[in-house]
Amino acid sequence: GQQVMQIPQYQHVQEGEDFTTYCNSSTTLSNIQWYKQRPGGHPVFLIQLVKSGEVKKQKRLTFQFGEAKKNSSLHITATQTTDVGTYFCAGCLIKAAGNKLTFGGGTRVLVKP
Amino acid sequence: DGGITQSPKYLFRKEGQNVTLSCEQNLNHDAMYWYRQDPGQGLRLIYYSQIVNDFQKGDIAEGYSVSREKKESFPLTVTSAQKNPTAFYLCASSLALDTQYFGPGTRLTVL
Chain A
6 GQQVMQIPQY QHVQEGEDFT TYCNSSTTLS NIQWYKQRPG GHPVFLIQLV KSGEVKKQKR
66 LTFQFGEAKK NSSLHITATQ TTDVGTYFCA GCLIKAAGNK LTFGGGTRVL VKP
Chain B
-4 DGGITQSPKY LFRKEGQNVT LSCEQNLNHD AMYWYRQDPG QGLRLIYYSQ IVNDFQKGDI
56 AEGYSVSREK KESFPLTVTS AQKNPTAFYL CASSLALDTQ YFGPGTRLTV L
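For the protein sequence lines, the chains are A and B, in the order given. If you use the numbering used here, the first sequence corresponds to residues 6 to 118, in order. If you use the numbering used here, the second sequence corresponds to residues -4 to 106, in order.
Honestly, I wouldn't trust all of these hints.
Unchecked claim - BS3-like mimics (lysine-lysine), calculated; alpha carbons at most 25 angstroms apart, straight line:
hint : chain 1 : residue 1 : chain 2 : residue 2
1    : B       : K52       : B       : K65
2    : A       : K105      : B       : K65
3    : B       : K9        : B       : K65
4    : B       : K66       : A       : K105
5    : A       : K117      : A       : K105
6    : B       : K52       : A       : K105
7    : A       : K41       : B       : K65
8    : B       : K78       : B       : K4
As the list claims (entries may be wrong) - Stretches of chain B that chain A covers, calculated by requiring three or more beta carbons in the stretch to come under 8 angstroms of a beta carbon on chain A:
hint : region
9    : 54 to 67
10   : 93 to 99
Don't read these hints as lab results, they were simulated from the structure. In this text, all values refer to a predicted model and were calculated from it rather than measured experimentally. Beta carbons are placed, not taken as given, at the ideal position from N, Cα and C, and that holds for glycine.
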């Protein structure tokens, strides 16, 4: 079945530094979505990428979808303590069964002040 | 105030008992989903439903059952057949081919 892998599993970042988390799918995706889950909370949608090679920015967050639509990345610049949480990517295949997402294992981000 | 609600937030049950988790949405979304999250892990799909009176098994459906009698509601029953039921259960809803909106979750502990 489809698998979505995320690396790294944990990311310890000094406040003010940049980091990148990566997402790789075993199969070609129709789109990829990113979610953020704060400690003790529930996942909240951040963004969706649909086109091959697409790049989208949200303030200090930059999301990229690979040319082959099998991988994606999230880059955060000038990390702040509010960035703490787990970032999940979720891949979607267009199937007759509808919008079924396969989530990656997540990257847990800890920020050192 | 639109949204997706889950109740209760915390639930304790004795081993061998069935328990039903509630999920309600007033977003007029067609699709609804149930995920299980274990500590430090990602989300695993239990069941999903695209329309009323229809649902499909996800990746870890064994020991769980669902119903979709109304568009707004998608309750999940954790049966005694589920070997390791203690987990954080998340319900989500979406329009077709769109993003998923998650409820606040129910933390189930089986004693």
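Each hint tested on the structure:
| no. | hint | in the structure |
| --- | --- | --- |
| 1 | K52(B) <-> K65(B) | holds (18 angstroms) |
| 2 | K105(A) <-> K65(B) | holds (20 angstroms) |
| 3 | K9(B) <-> K65(B) | violated (29 angstroms) |
| 4 | K66(B) <-> K105(A) | holds (18 angstroms) |
| 5 | K117(A) <-> K105(A) | violated (36 angstroms) |
| 6 | K52(B) <-> K105(A) | holds (11 angstroms) |
| 7 | K41(A) <-> K65(B) | violated (29 angstroms) |
| 8 | K78(B) <-> K4(B) | holds (22 angstroms) |
| 9 | 54 to 67 | violated (count 1) |
| 10 | 93 to 99 | holds (count 7) |
In this structure, the hints that do not hold are numbers 3, 5, 7, 9, in rising order.
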